[in-house]
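Novice: Protein chains in written order, with this note's numbering: chain A, 248 to 378; chain B, 16 to 115.
Hints in this document: simulated from the structure, not taken from any laboratory. All figures in this text were calculated on a predicted structure; none of them were measured in a lab. Among the hints, a few may not be true.
Just a few of them, taken from the derived set where beta-carbon distance is under 7 Å, the chain A residues facing chain B [as the list claims (entries may be wrong)]:
| # | residue |
| --- | --- |
| 1 | Leu-277 |
| 2 | Ile-278 |
| 3 | Ile-282 |
| 4 | Gly-284 |
| 5 | His-308 |
| 6 | His-315 |
| 7 | Arg-341 |
| 8 | Phe-359 |
| 9 | Thr-363 |
| 10 | Arg-367 |
| 11 | Pro-372 |
Each residue gets a CB set at the ideal place from its N, CA and C atoms; glycine is no exception.
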Amino acid sequence: MTGYVLDDLALAAGLGAASSEHHRRELSRLISGAIDGGPTLDLPALCLAEANTARSAIGTHMAELIAHAPEGTIAIGPLARTNRLDALRDLKPRLPWPALHAADRAVATGSFLVTTDPRRYDGIPTGIVTL
Amino acid sequence: MATIALVAPEEERARAHALVRALFGPSDAAADRSVDVLGAHAAALAWIREAVGSYPTPLPIATRLEQVAADLRGPGDDRDPALTLGHAALDALTAYRAGS
Chain A
248 MTGYVLDDLA LAAGLGAASS EHHRRELSRL ISGAIDGGPT LDLPALCLAE ANTARSAIGT
308 HMAELIAHAP EGTIAIGPLA RTNRLDALRD LKPRLPWPAL HAADRAVATG SFLVTTDPRR
368 YDGIPTGIVT L
Chain B
16 MATIALVAPE EERARAHALV RALFGPSDAA ADRSVDVLGA HAAALAWIRE AVGSYPTPLP
76 IATRLEQVAA DLRGPGDDRD PALTLGHAAL DALTAYRAGS
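Just chain B, same shape as in the assembly:
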């Protein structure tokens, strides 16, 4: 009878990480920062969606958040991404409502 070799989940996970390193190389501080900003950007968009009630994100708000996210990725910008994008979302929403 044929047997199925079961591999422990941790071993599979380690293999997956080894494949990622082989294909892409390891992450670094700049990439970690970019992905943190990406996550904070997504959270800010989700908050806007809750506040506005639907997608798409109003264009002035979307472009403002993209600009702030780009600034946060710049060298020397060590502001907290979640806090900064959260404030930017609130400001952009306030401006959008005042103008519409």
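Pulled out of the complex, with its shape left as it was, chain A reads as follows:
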């Protein structure tokens, strides 16, 4: 398995001001697993920015974590104009940008997209799993 892309809803569920303890612990396990050689984690930059509005300093904490985790295990994913991004926008014109970014990263990397709202991504050509 290549890894997981965490969308803004998954990040907010585990890290936001109103996050649940269970989701927080799930993220704990996912990140610990990545550090120990399990599936890698991709945090799309726009999803992290969205989560950061729900609870400030999340970005700083994640940067600190990435700086100590083994190289290539946890990363903040970039957004760039590509044919793939254009096609996804055409496919889901009402999808908010953080979600579109998560979908783009999942399709680009072949990773599974982790979310709390799988119906949001109906029709997106990637594997969707629920946190």
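Position chain B against the provided structure of chain A, taking the given hints into account.
Specialist: Showing chain B alone in chain A's frame:
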């Protein structure tokens, strides 16, 4: 001349784990179970993709696997996630092909 302090990989890994515990708290049995289910769900979707030939996963199959994954996270459900979702994937694919 400036020197660069090299930190052993194991020490870095220990620091990373300490940061995870500080930020999120430790995992627990319920979270471990949920993440095991998540991994089995991903494996089932990958198997469906191989069988169907492409993404997206047909909606009836996707919703069936989501339901089984949710059931596996429920209290008192101690079925093996990989086995249960593997069977569910096969059943859902069979039903989908029979209906299409």
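Novice: Give a verdict on every hint.
Specialist: Status of the hints after comparison with the structure:
Because the smallest distance between the Cβ of Leu-277(A) and any Cβ of chain B comes to about 6 Å, under 7 Å, the interface hint for this residue holds. With 7 Å as the threshold, the beta carbon of Ile-278(A) comes within range of chain B, its nearest partner Cβ sitting at about 5 Å, so the hint holds. Interface restraint check: Ile-282(A) against chain B, minimum CB-CB distance 5 Å, threshold 7 Å, status holds. Interface restraint check for Gly-284(A): the shortest CB-CB distance to chain B comes to about 10 Å, outside 7 Å, so the restraint is violated.
Contact between His-308(A) and chain B, as hinted, is supported at the beta carbon level, the nearest pair being about 5 Å apart and thus within 7 Å. With a least beta-carbon distance of about 4 Å to chain B, the hint placing His-315(A) at the interface is held under the 7 Å criterion. Because the beta carbon of Arg-341(A) sits about 17 Å from the nearest beta carbon in chain B, more than 7 Å, this interface hint is broken. The beta carbon of Phe-359(A) comes within 5 Å of a beta carbon in chain B, closer than 7 Å, and the hint placing it at the interface holds.
About 11 Å separates the beta-carbon of Thr-363(A) from the nearest beta-carbon of chain B, more than 7 Å, and the hint is not met. With a least beta-carbon distance of about 12 Å to chain B, the hint placing Arg-367(A) at the interface is violated under the 7 Å criterion. This hint holds: Pro-372(A) has a C-beta 4 Å from the nearest C-beta of chain B, less than the 7 Å allowed.
Figure legend: structure checked against the earlier numbered hints; hints not met, in rising order: 4, 7, 9 and 10.
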